[in-house]
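K.L.:
Sequence:
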Amino acid sequence: MTTRISPRAGEPAREEDLIDVSALRGAYFSLIPNSEEPQQRVRFGTSGHRGSSLDGSFNERHIWAITQAICDYRKRAGTTGPLFLGIDTHALSLPARTSALEVLAANGVDVRVAPSGQFTPTPAVSLAILDFNRMHAPGPLADGIIVTPSHNPPRDGGFKYNLPHGGPADSHAASVIEELANQHLAEHCKRVRRIEVTRPLASGAARPYDFLQRYVVALSHVIDLQAIRDSGLRIGVDPMGGAGVMYWEAIADRYRLPLTVVNANIDPTFSFMPLDWDGQIRMDPSSAFAMQALTRQCSLFDVAFACDTDHDRHGVVCPSSGLLPPNHFLSVATDYLLMHRPQWPMAAAVGKTVVTTSMIDRVAQARDRRILETPVGFKWFAQGLYDRELAMACEESAGASFLRRDGSVWTTEKDGIVAGLLAAEITARAGADPGLYYRTLSATLGSTWSDRIDAPATRHQRARLSNAKAEDFQRLMLVGDEITQVQTRAQGNDQPIGGVKLTSRRGWVAMRPSGTEDVYKIYGESFESNEHLQKLLCDAGSIADRSMADANR
Numbered sequence: 002m003t004t005r006i007s008p009r010a011g012e013p014a015r016e017e018d019l020i021d022v023s024a025l026r027g028a029y030f031s032l033i034p035n036s037e038e039p040q041q042r043v044r045f046g047t048s049g050h051r052g053s054s055l056d057g058s059f060n061e062r063h064i065w066a067i068t069q070a071i072c073d074y075r076k077r078a079g080t081t082g083p084l085f086l087g088i089d090t091h092a093l094s095l096p097a098r099t100s101a102l103e104v105l106a107a108n109g110v111d112v113r114v115a116p117s118g119q120f121t122p123t124p125a126v127s128l129a130i131l132d133f134n135r136m137h138a139p140g141p142l143a144d145g146i147i148v149t150p151s152h153n154p155p156r157d158g159g160f161k162y163n164l165p166h167g168g169p170a171d172s173h174a175a176s177v178i179e180e181l182a183n184q185h186l187a188e189h190c191k192r193v194r195r196i197e198v199t200r201p202l203a204s205g206a207a208r209p210y211d212f213l214q215r216y217v218v219a220l221s222h223v224i225d226l227q228a229i230r231d232s233g234l235r236i237g238v239d240p241m242g243g244a245g246v247m248y249w250e251a252i253a254d255r256y257r258l259p260l261t262v263v264n265a266n267i268d269p270t271f272s273f274m275p276l277d278w279d280g281q282i283r284m285d286p287s288s289a290f291a292m293q294a295l296t297r298q299c300s301l302f303d304v305a306f307a308c309d310t311d312h313d314r315h316g317v318v319c320p321s322s323g324l325l326p327p328n329h330f331l332s333v334a335t336d337y338l339l340m341h342r343p344q345w346p347m348a349a350a351v352g353k354t355v356v357t358t359s360m361i362d363r364v365a366q367a368r369d370r371r372i373l374e375t376p377v378g379f380k381w382f383a384q385g386l387y388d389r390e391l392a393m394a395c396e397e398s399a400g401a402s403f404l405r406r407d408g409s410v411w412t413t414e415k416d417g418i419v420a421g422l423l424a425a426e427i428t429a430r431a432g433a434d435p436g437l438y439y440r441t442l443s444a445t446l447g448s449t450w451s452d453r454i455d456a457p458a459t460r461h462q463r464a465r466l467s468n469a470k471a472e473d474f475q476r477l478m479l480v481g482d483e484i485t486q487v488q489t490r491a492q493g494n495d496q497p498i499g500g501v502k503l504t505s506r507r508g509w510v511a512m513r514p515s516g517t518e519d520v521y522k523i524y525g526e527s528f529e530s531n532e533h534l535q536k537l538l539c540d541a542g543s544i545a546d547r548s549m550a551d552a553n554r
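If you use the working numbering, the sequence shown corresponds to residues 2 to 554, in order.
Incorrect hints may have been included.
[Unchecked claim] In silico lysine to any residue, SDA-like type, Cα no more than 20 Å apart, as pairs:
#	residue 1	residue 2
1	Lys536	Ala464
2	Lys191	Asn108
3	Lys76	Gln184
4	Lys536	Glu472
5	Lys76	Cys190
6	Lys76	Thr199
7	Lys76	Leu19
[Stated by the list, open to error] Distance ranges between label pairs, derived from CB positions:
#	residue 1	residue 2	range
8	Gln384	Val22	19 to 27 Å
9	Ser543	Thr445	16 to 24 Å
10	Thr485	Thr445	45 to 53 Å
11	Ala219	Ala348	21 to 29 Å
Hint data in this document are derived by calculation from the structure and do not stem from the laboratory.
Keep in mind it's a predicted model, so treat the numbers as computed, not measured.
Every residue gets a Cβ at the ideal spot worked out from N, C-alpha and C, and that includes glycine.
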């Protein structure tokens with residue numbers, strides 16, 4: 002296994018670690034991508050297109066091409082309502098929004114954006130789409146664009162499209178948009194409609210929409226905020242310099258919560274972030290390295306949490322356990338919600354990805370709920386949440402969303418804000434923080450040990466692993482045990498998982514390439530011990546390295 006932890010992981014960033022914002026934005030406008038170079042083409046991963054202007058993979062022409070492709074797709078789909086456009090705090094997000102508005106305005110799209118100076122969390126865009134479509138049914142449908150690379154490093158940009166159901170574009174929509182965008186890119190954007198937009202609101206290219214107030218007011222329909230307020234809990238929040246900084250202050254004010262924002266800085270270099278496992282700056286609330294600033298303060302709070310840059314992921318910190326592994330909190334959240342949301346439809350299942358802990362399966366079985374297991378990517382859950390066929394959905398990478406308290410749809414995107422507030426509700430109503438809650442849960446249902454490791458991989462190696470075939474992994478062993486199941490497709494919807502999952506009687510491992518960075522991910526879960534888990538991960542790394550080595554032959 003080739004994982005190497007940087008000796009500086011968890012340390013404060015130095016001047017030489019920071020991006021040159023001017024150079025990054027300059028390259029966005031000046032560098033023309035080569036459409037014949039695979040790494041410079043448009044590629045929709047698990048959630049939109051990501052890249053860096055410095056690499057020729059996220060530049061002005063990419064955004065023109067993708068936005069025109071979205072306009073083309075909207076026309077085909079008959080989507081004629083407004084388009085809600087949000088951005089996060091990455092350095093490339095604002096210029097990309099301007100580029101998108103140039104194309105949207107030229108195509109006559111009715112665009113809604115936040116007031117000047119405000120950023121927009123991903124779940125707030127999802128809620129805006131759903132609210133509009135609910136209030137105007139059966140009228141013209143709304144959709145959305147969110148300019149964000151999520152937790153990726155500061156040099157990256159991201160651009161994703163959300164359908165009228167409020168969630169990420171499904172596989173069909175993503176493939177159509179990707180193909181159309183690459184056609185526009187190959188034609189040097191000659192068929193892209195565009196007009197210059199300097200001041201979106203003043204010019205009429207977009208209309209203002211108060212994402213913040215509408216989201217904050219609606220929160221009481223999802224979380225028992227009165228229980229949190231009455232408990233007197235000390236709550237800490239780290240927005241990680243992301244789009245929700247202003248949201249937390251508004252939430253605390255409206256609901257009179259004893260909530261402290263430990264870092265309200267917005268800085269496109271993210272100079273306040275500790276370095277992640279590989280020495281890069283990455284706003285990942287599930288990373289023990291990236292979360293060190295908050296975990297050092299955990300004794301000051303009864304519960305604390307953080308969100309990534311677009312606030313669709315969460316990290317929970319407890320006095321009892323420090324940073325709670327995402328799988329632990331998702332298991333706690335599943336158990337608590339299934340017991341404390343009596344108005345949820347009983348037929349609604351629990352959605353989880355193929356690499357998320359099997360503890361959730363045990364919880365669901367104990368609470369008499371079905372499990373729907375899918376590939377990685379929240380797009381697989383959006384329609385189920387919209388139709389209320391799913392009560393909640395979660396990903397191992399610290400992403401989750403769930404229904405409102407009355408059983409109606411909330412957001413069909415991951416929502417780090419409600420996940421964090423749920424940790425506070427659990428602490429208030431259960432009388433124990435989520436770390437203590439998990440200990441009780443595992444004592445009842447049996448312990449598991451899980452982890453994820455990221456390791457470097459080239460584009461060719463990632464492609465090899467993504468197209469893994471089940472027969473390539475037959476007759477292998479996992480820590481001396483026979484492999485009882487080889488999965489390259491998810492059990493819940495029979496879709497490719499973009500890698501492989503191997504199960505034995507004492508645990509499982511999975512290997513899949515990242516859709517956004519030059520790394521692959523190794524997941525493992527042991528039903529026996531942490532020592533056994535480490536052996537599983539080691540075996541999985543060796544298996545993955547052998548498999549990907551074929552990519553260089």
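K.L.:
None of the hints should be skipped; say for each whether it holds.
P.N.:
Tested hints:
1. Lys536 - Ala464: violated, 26 Å
2. Lys191 - Asn108: Holds - the C-alpha atoms of Asn108 and Lys191 are around 14 Å apart, at most 20 Å.
3. Lys76 - Gln184: The given pair, whose Cα atoms are some 17 Å apart, holds under the 20 Å limit.
4. Lys536 - Glu472: The given pair, whose Cα atoms are some 23 Å apart, is violated under the 20 Å limit.
5. Lys76 - Cys190: holds, 18 Å
6. Lys76 - Thr199: violated, 26 Å
7. Lys76 - Leu19: violated, 42 Å
8. Gln384 - Val22: 19 to 27 Å: About 38 Å separates the Cβ atoms of Gln384 and Val22, which means 19 to 27 Å is violated.
9. Ser543 - Thr445: 16 to 24 Å: violated, 35 Å
10. Thr485 - Thr445: 45 to 53 Å: For Thr485 and Thr445 the Cβ distance comes to about 26 Å; the hint is violated.
11. Ala219 - Ala348: 21 to 29 Å: holds, 25 Å
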